[in-house]
Amino acid sequence: MNTDISIVALSLQTAIVATAVTLPLGMFFAWLLVRKEFRGKFALDVLVSLPLALPPVVIGYMLLWVVGNNAWLGQLSLSWFGSTIAFTWFAAALAAAVVSLPLVVRSFAAALAGVDPKLETAARGLGAGPARTFLTVTLPLAYRGVIAGVLLGFVRALSEFGATIVVAGNIPGRTQTVPSAIFTRISTGDTEAAWRLVLVSVVIGIAALAVHNWLLRRSTAGQPRSGSSVGRSN
Amino acid sequence: MISFDLKLKRYDFSLDVSGEFDDGITAIFGPSGAGKSTLLNCIAGSLRPDAGRIELDGGVVFSSVDAVWTTPDKRRIGTVYQDGALFPHLDVQGNIEFGYRLIPQAIRRFDPLDLAEFLGLSALLARKPGELSGGERQRVAIARALAISPGLLLLDEPLASLDAARRGSILNYLRRVHAEFKIPMIYVSHSITEVVSIASKAMLLRDGSVVGFDRPSALLLRAAALGDVIATDPAAEYTRAERFENILDGVIGESTGHSTMVRIGDLEISTRRQNRNPGEKIVVSLGASQIILASSMPQNLSARNIVKGTVAQVWSSDGLVFTQVDAGPKIIVEITENAMTELGVTVGNDVFLVFKSSSVDVFDA
Chain A
4 MNTDISIVAL
14 SLQTAIVATA
24 VTLPLGMFFA
34 WLLVRKEFRG
44 KFALDVLVSL
54 PLALPPVVIG
64 YMLLWVVGNN
74 AWLGQLSLSW
84 FGSTIAFTWF
94 AAALAAAVVS
104 LPLVVRSFAA
114 ALAGVDPKLE
124 TAARGLGAGP
134 ARTFLTVTLP
144 LAYRGVIAGV
154 LLGFVRALSE
164 FGATIVVAGN
174 IPGRTQTVPS
184 AIFTRISTGD
194 TEAAWRLVLV
204 SVVIGIAALA
214 VHNWLLRRST
224 AGQPRSGSSV
234 GRSN
Chain B
93 MISFDLKLKR
103 YDFSLDVSGE
113 FDDGITAIFG
123 PSGAGKSTLL
133 NCIAGSLRPD
143 AGRIELDGGV
153 VFSSVDAVWT
163 TPDKRRIGTV
173 YQDGALFPHL
183 DVQGNIEFGY
193 RLIPQAIRRF
203 DPLDLAEFLG
213 LSALLARKPG
223 ELSGGERQRV
233 AIARALAISP
243 GLLLLDEPLA
253 SLDAARRGSI
263 LNYLRRVHAE
273 FKIPMIYVSH
283 SITEVVSIAS
293 KAMLLRDGSV
303 VGFDRPSALL
313 LRAAALGDVI
323 ATDPAAEYTR
333 AERFENILDG
343 VIGESTGHST
353 MVRIGDLEIS
363 TRRQNRNPGE
373 KIVVSLGASQ
383 IILASSMPQN
393 LSARNIVKGT
403 VAQVWSSDGL
413 VFTQVDAGPK
423 IIVEITENAM
433 TELGVTVGND
443 VFLVFKSSSV
453 DVFDA
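One line per chain: the protein sequences are A and B, in this order. Here the first sequence stands for residues 4 to 237, where the numbers follow this note's numbering. Here the second sequence stands for residues 93 to 457, where the numbers follow this note's numbering.
Simulated from the structure, these hints should not be mistaken for lab results. Misleading hints may appear alongside valid ones.
[Unchecked claim] A few chain A residues facing chain B, derived, Cβ under 8 Å:
| no. | residue |
| --- | --- |
| 1 | 55 |
| 2 | 125 |
| 3 | 131 |
| 4 | 138 |
| 5 | 189 |
Quick caveat, the model's predicted, so the values are computed rather than measured. The beta-carbon is built from N, C-alpha and C at its ideal position, and this holds for glycine as well.
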């Protein structure tokens, strides 16, 4: 039971760090894709979505080439922090971030696309700089979609297995997350222990998706009907 | 005062305009796609021209030669958009105060609550934009733009999404705003009626260039500006306009009871009673769809104006037929294709135009 709690805690830790990475990065990519016209936009769109189309194992293997002990980022980390990234919980968080990024970008893009760009133009004209415009106009109007995207990315990070096991391994107490623990327990025949974690996964998944769907339904139902004059006189 | 000389090319559209506007109300008008909004966006700073120069009250906000570009948030130009573009998550007061909070205290000229009162919004401060009528929304948009103490007010088709009754009310507010706060305005519209009724100068754009810049009535009356357009490509000009207005130069005549006579060249028509002196020069606006076309002299009608003329031109567009009738002044009448077929009107025929006194609007020349 104590092991279960520490496994869930490690899973939450990696998922939270993964989300902390995908939130700003996903917002930046979504903003680029929705609001900007530039060369290479199509390529960026494909690149950002690629983890969605690849087997997670492939992602893990590619990450290993970047952060592995012999890779440049791995070497850099070794010389700076005295430890490599691969086969640490941080590698698990990194894998979870890369795999959940496409979902986050797509959710954020849909949320940003729902905000009339004219409102941003109006805010700029009224004296707000780009950052203030984003924080006081765009974000408040898109926040439901943004929270929904964060939730979706978070549950995707929690359920990450394929990439994690390649780049972070399955080291009990260090990199063993809920999915890899379930895998170990199934392969060693410890079914009862496996079921406990399966139950935890299902409960978290259902709760997150319920909130996600509720937020998105609210965001379409709550839009003011612009253009209709609601039969009120001047 | 604002002066500009700018060039911009996008795909198959190019804008190449220059001008200098004084501190009054200047209109920019022309058909859809002429470049009106593009020019306005360049002045506001939301669109950067390829080349040229824009000066606002003596300060350069754009110069391609000196590589100067002032971002829109630093220009203090108030803009009122067609549908208001109010922030839906803020209430009326929050909208009005949005820009006000962002300008330094030293340059704040108007108190937001005073502006709200001036525009009749005091009772609506806690409402969200979704709970406002179209006219109320535009008044909030005007107050919000004024709250930044702008050196210039841009109005981009501010009446286009309103019904006829609200348009007059907003126009009146804009006139009062200009009289009270003395802020120069640029008014973009494709409605000739609006331009004539509010602006002291007008710039006519076509296909991205300036075709004329003059007093609105003078500009409209010039054969080159109107007659020429109709003769060359009538359909292109009016398919997108909601309705065509005949704009005619006139002189006030005698007033009797509830009506005032107006002379347009040799033609004399009856209008609603005007508070004007005989001999005063005015401009008359008469909607093309307000006129009934008859092939013979109609009898026993309540309409006060029956005018005889000759069909000079006929063209059709989108199921509507436009007939230009020479009745002294040339007047354009809009009828349906069916009516056209039944009447059998062709160029050279004598026809009668019938319209009510109340269909005629009279404006300052």
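Results of checking the hints against the structure:
Look at residue 55 (chain A): its Cβ only gets to about 32 Å from chain B, farther than 8 Å, so that hint breaks. Contact between residue 125 (chain A) and chain B, as hinted, is supported at the beta carbon level, the nearest pair being about 4 Å apart and thus within 8 Å. For residue 131 (chain A), the shortest C-beta to C-beta distance to chain B is roughly 6 Å, which falls under 8 Å, so the interface hint holds. The criterion of a C-beta within 8 Å of any C-beta in chain B is not met by residue 138 (chain A), whose closest approach is roughly 12 Å, and the hint is violated.
At about 49 Å, the closest approach between the beta carbon of residue 189 (chain A) and any beta carbon in chain B exceeds 8 Å, and the interface hint on this residue is violated.
The structure is inconsistent with the numbered hints 1, 4, 5, although it conforms to all the rest.
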